[in-house]
Each structure stands twice: as structure tokens, then as C-alpha cells.
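Trainee: Sequence:
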Amino acid sequence: MAVVEVATGSLGSLWPAIPGIMLLTLLGSAVMPFLRAGRAEEQAERQRLADLEQAARHQNLAAIDAMSGGEFERFIAGLCHRDGFVVQQHNGGAGDLGADVVADAPDGRRIVIQCKRYKPGNPVPSPDIQRFLGTARTIHEADVPVFVTTAWRFTKQSRELGASQQVILIDRDLLSHWNNGISLDKYLPTALPEVGR
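For my numbering, add 28 to where a residue sits in the sequence shown, where the first one is 1.
Keep in mind that the hints were calculated from the coordinates and are not lab data.
In this text the structure is predicted, and so the values were computed from the model without any measurement.
Do not take every clue at face value.
[Said to hold, decoys possible] Pair by pair, the computed Cβ-Cβ distance ranges are:
| no. | residue 1 | residue 2 | range |
| --- | --- | --- | --- |
| 1 | Glu-69 | Leu-202 | 28 to 36 Å |
| 2 | Ala-58 | Asp-93 | 49 to 57 Å |
| 3 | Glu-169 | Gly-66 | 52 to 60 Å |
| 4 | Asn-150 | Arg-67 | 40 to 48 Å |
| 5 | Val-59 | Gly-136 | 55 to 63 Å |
| 6 | Ser-192 | Thr-218 | 17 to 25 Å |
| 7 | Ser-57 | Asp-201 | 42 to 50 Å |
| 8 | His-205 | Pro-61 | 32 to 40 Å |
| 9 | Gly-66 | Gly-97 | 44 to 52 Å |
| 10 | Val-114 | Asn-150 | 15 to 23 Å |
[What the hints assert, rightly or not] With a straight-line Cα cutoff of 27 Å, these simulated DSSO-like cross-link-like pairs (lysine-lysine) come out:
| no. | residue 1 | residue 2 |
| --- | --- | --- |
| 11 | Lys-144 | Lys-214 |
| 12 | Lys-147 | Lys-184 |
| 13 | Lys-144 | Lys-184 |
| 14 | Lys-214 | Lys-147 |
Glycine is no exception: its CB is placed at the ideal position from the N, C-alpha and C atoms.
Let's have the full structure, built from the sequences with the hints guiding it.
Mentor: This is the structure in C-alpha cells:
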């Protein structure tokens, strides 16, 4: 009788739910390995796609590395045009005074771009940024100066100078993203810089 009272007493109200709870616990235990396997497969697939994207970027960069200086400048002008910029000049070389590409952004800002091909392992030194800054705003009236390179990185001094003077520095990695469809607008500041104005 005591067992019946216990069953119909405090446990009696839970009794109908107990088999359901036990079933859910068993199902959860059985399903968890599949969920973990699914997450592992999903993570492996994400990694595979990232590896493919990186391989494609490196392949595209190899084609860029094979360009001459003039071809590289025309290539950068083409990327600007693709992104809706109106290219005013794209013939750098001797006497260009640091402006290989000059373009007007869709919002009207004047973009002056210095294009420098370096071996990927050679960082861009600070004097190159200094020379570009000497003419970008004063002679070419840049609202936004942009320095594009095939090098993997800028030196610490170059990065600090670029940041202090609001120069957009586009290294090899950013160049590959730009080449693969990211618009130049994504790299530009949203407001007109006050430096040199």
C-alpha cells in the first residue's frame, strides 16, 4: 500500500512525464555523436573552402607579379573603373610625381594612387611613403591618397606614417581581396580627411 501511495502521491503527478524524459535522454545520447560529426564535417568544409579561396588568390597574385610596371598601373586603373570610379589618369612612370592612377570616387573625392611592385617578401619602406606624401595632396590635390603594393607588408614606420597622414595602404593581401571583388570603397574612409587641407 505504501508503494501505491508513493506512486500516486508525489511521483504520481510526474509519472506520465517520466517515460518521455527517459526517451528524450536516450535520443539525445544517441543523436549527440551525429551532431558532433556534423559540426566537424561543417568545420572541415569551411576550411576546405577557405583553402580553395586562398589558392585562387595566390594564383591571381602570380599573374599580377608577372605584370610590368605599366601593366600593373593599368590593372589598378581597371579595378577602379570596375568599382565605379572615374579614372582621370593611369599613365604613371618617370615624371608622374607619385601619381600612377588618379580617379574620382562615386562620392566625388579625388583618389590618387601610387602603384609599387615589390617582391612579395620585401616590405615597403617609409621613404617610399614619404615621397608619395610629398606630392599626393600638394600637387595632385588628393582627398584620399592610396598606396598599393604587391609586397606582403609595410614596415612599422610606413604603417605609422600612413596612419598619421591618412594614407590608405593596400598590401598584397588587401590587393588580392580587391582583385577578387571587394570594392575600393571598402578601404576608403567615410569622411574627407583633414590632413593637408
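Trainee: If a hint holds in the structure, say so; if it does not, say that too.
Mentor: Hints and how they fare:
A C-beta distance of roughly 32 Å is found between Glu-69 and Leu-202, which places it inside the suggested range of 28 to 36 Å. Remark: the range hint 49 to 57 Å for Ala-58 to Asp-93 is upheld by a beta-carbon distance near 54 Å. For the pair Glu-169 and Gly-66, the supplied restraint of 52 to 60 Å holds, since their beta-carbon distance comes to about 57 Å. The supplied range of 40 to 48 Å is met by Asn-150 and Arg-67, whose beta-carbon atoms lie about 42 Å from each other.
The supplied range of 55 to 63 Å is met by Val-59 and Gly-136, whose beta-carbon atoms lie about 58 Å from each other. Here the CB-CB span from Ser-192 to Thr-218 is close to 19 Å, well matched to the stated 17 to 25 Å. Range check, Ser-57 to Asp-201: Cβ separation about 45 Å, and the 42 to 50 Å hint holds. Judged by the Cβ atoms, the range 32 to 40 Å given for His-205 and Pro-61 holds: they are separated by roughly 38 Å.
In this structure the hint that Gly-66 and Gly-97 lie 44 to 52 Å apart at CB holds, the actual value being about 51 Å. Val-114 and Asn-150 have their C-beta atoms about 33 Å apart, which leaves the hinted 15 to 23 Å range violated. At roughly 21 Å between alpha-carbon atoms, Lys-144 and Lys-214 fall within 27 Å of each other, so this suggested pair holds. The straight-line distance between the Cα atoms of Lys-147 and Lys-184 is roughly 18 Å, inside the 27 Å bound, and the hint therefore holds.
For the given pair, Lys-144 sits about 18 Å from Lys-184 by alpha-carbon distance, which is consistent with the 27 Å threshold. For the given pair, Lys-214 sits about 25 Å from Lys-147 by alpha-carbon distance, which is consistent with the 27 Å threshold.
Consistency with the previously given hints fails for number 10 only.
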